[in-house]
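S.K.: Go ahead and model the full structure; you've got the sequences and the hints to work with.
Residue numbers (this note's numbering), protein chains in the order written: chain A, 1 to 115; chain B, 1 to 139.
None of these hints come from the bench; they were simulated from the model. Don't take each hint at face value.
Straight-line distance between alpha carbons at most 20 Å, and here's what the computed EDC-like set of lysine to aspartate or glutamate pairs gives [unchecked claim]: (1) B:Lys-113 / A:Asp-77; (2) B:Lys-99 / A:Asp-77; (3) A:Lys-42 / B:Glu-66; (4) B:Lys-25 / B:Glu-66; (5) B:Lys-113 / A:Asp-36; (6) A:Lys-87 / B:Glu-34; (7) A:Lys-8 / B:Asp-6; (8) A:Lys-42 / B:Glu-34.
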Amino acid sequence: MTINDISKLLNCEVLNCADKLESEVHTACGSDMMSDVLAYVKDQAVLLTGLLNPQVVRTAEMMDIICIVFVRGKSPDTAVIDLATEKGIVILSTKERMFEACGKLYTEMNKGKTL
Amino acid sequence: MILKFDIPGDDFTRAGEASSAIKNKLKQTGFSPEVVRKVSIAVYEAEINSIIHANGGTITLTADEEAIVAVIADTGKGIPDIEAAMREGFTTACDNIRKLGFGAGMGLPNMRKYTDEFDIQSKVGKGTTVTMKIYNKQE
Ligand SMILES: Nc1ncnc2c1ncn2[C@@H]1O[C@H](COP(=O)(O)OP(=O)(O)OP(=O)(O)O)[C@@H](O)[C@H]1O
Ligand SMILES: [Mg+2]
Chain A
1 MTINDISKLL
11 NCEVLNCADK
21 LESEVHTACG
31 SDMMSDVLAY
41 VKDQAVLLTG
51 LLNPQVVRTA
61 EMMDIICIVF
71 VRGKSPDTAV
81 IDLATEKGIV
91 ILSTKERMFE
101 ACGKLYTEMN
111 KGKTL
Chain B
1 MILKFDIPGD
11 DFTRAGEASS
21 AIKNKLKQTG
31 FSPEVVRKVS
41 IAVYEAEINS
51 IIHANGGTIT
61 LTADEEAIVA
71 VIADTGKGIP
81 DIEAAMREGF
91 TTACDNIRKL
101 GFGAGMGLPN
111 MRKYTDEFDI
121 QSKVGKGTTV
131 TMKIYNKQE
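M.R.: Next comes the structure, spelled out in structure tokens:
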């Protein structure tokens, strides 16, 4: 699926990089602990999180994550959005909570795959 | 190529700036995405540690055809029991640090996992130095 598909699925607001919505993504992870993202993420392209600081973007940058979805209707400071824009990382914001957002995305991403 | 950075210890919002600059530079220089990613993650973990557990520090990175060597040094409080600190899940981080998204006790084991050679030296009251080597050719 594309970032645009995620945006529609989770009713997101797109906060930057509107030109990058057609990028393909195949896996995602959800966490508020950047330590765990750094330790357990392999090649996930999307990070769902409720944490709002610049280290979310830095962590995504190090992990080659190309899209961050902020859950529970949160949106970060402009400084954080600007940092993501500079790194070419798309920022979405959804009103869904972490569990619901991950559940919907998991179901959609794995449609047609044998689990 | 030698790169040197000071890690400011008093501003957490800037944590990761040095690692980011290193990642960019290695990418531009033409190191493979896999090598760049390993170095970036390991150096970022060490940079964060020097801020949350010490008072900032320095990064010296040397890169050539054969390998990349990163040395992250601080003059902070040091680690009393390195063997314990290397264990997954061991942390002395407080709730304030966990609110920032760190402090799961995964950083040091993660640095060792992503690097080909890993060494940590520490003296209580004097500081900590982490040295990591990643070979350029990964099989
Ligand atoms: N530079 C340092 N100076 C002093 N103590 C350190 C330093 N680096 C690590 N430590 C000690 O070793 C422990 C383990 O470090 P590690 O990086 O594995 O986990 P963490 O930083 O606590 O959490 P995480 O890395 O998962 O965010 C730390 O909690 C701290 O007590
Ligand atoms: Mg750490």
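S.K.: Each of the hints needs a verdict: does it hold here or not?
M.R.: A quick look at each hint next to the structure:
1. B:Lys-113 / A:Asp-77: Violated, at roughly 34 Å.
2. B:Lys-99 / A:Asp-77: The given pair, whose Cα atoms are some 17 Å apart, holds under the 20 Å limit.
3. A:Lys-42 / B:Glu-66: violated (25 Å)
4. B:Lys-25 / B:Glu-66: holds (17 Å)
5. B:Lys-113 / A:Asp-36: Cα-Cα ~14 Å, so holds.
6. A:Lys-87 / B:Glu-34: holds (18 Å)
7. A:Lys-8 / B:Asp-6: At roughly 43 Å apart (the allowed maximum being 20 Å), B:Asp-6 and A:Lys-8 break the hint.
8. A:Lys-42 / B:Glu-34: This hinted pair holds, its Cα atoms lying about 11 Å apart.
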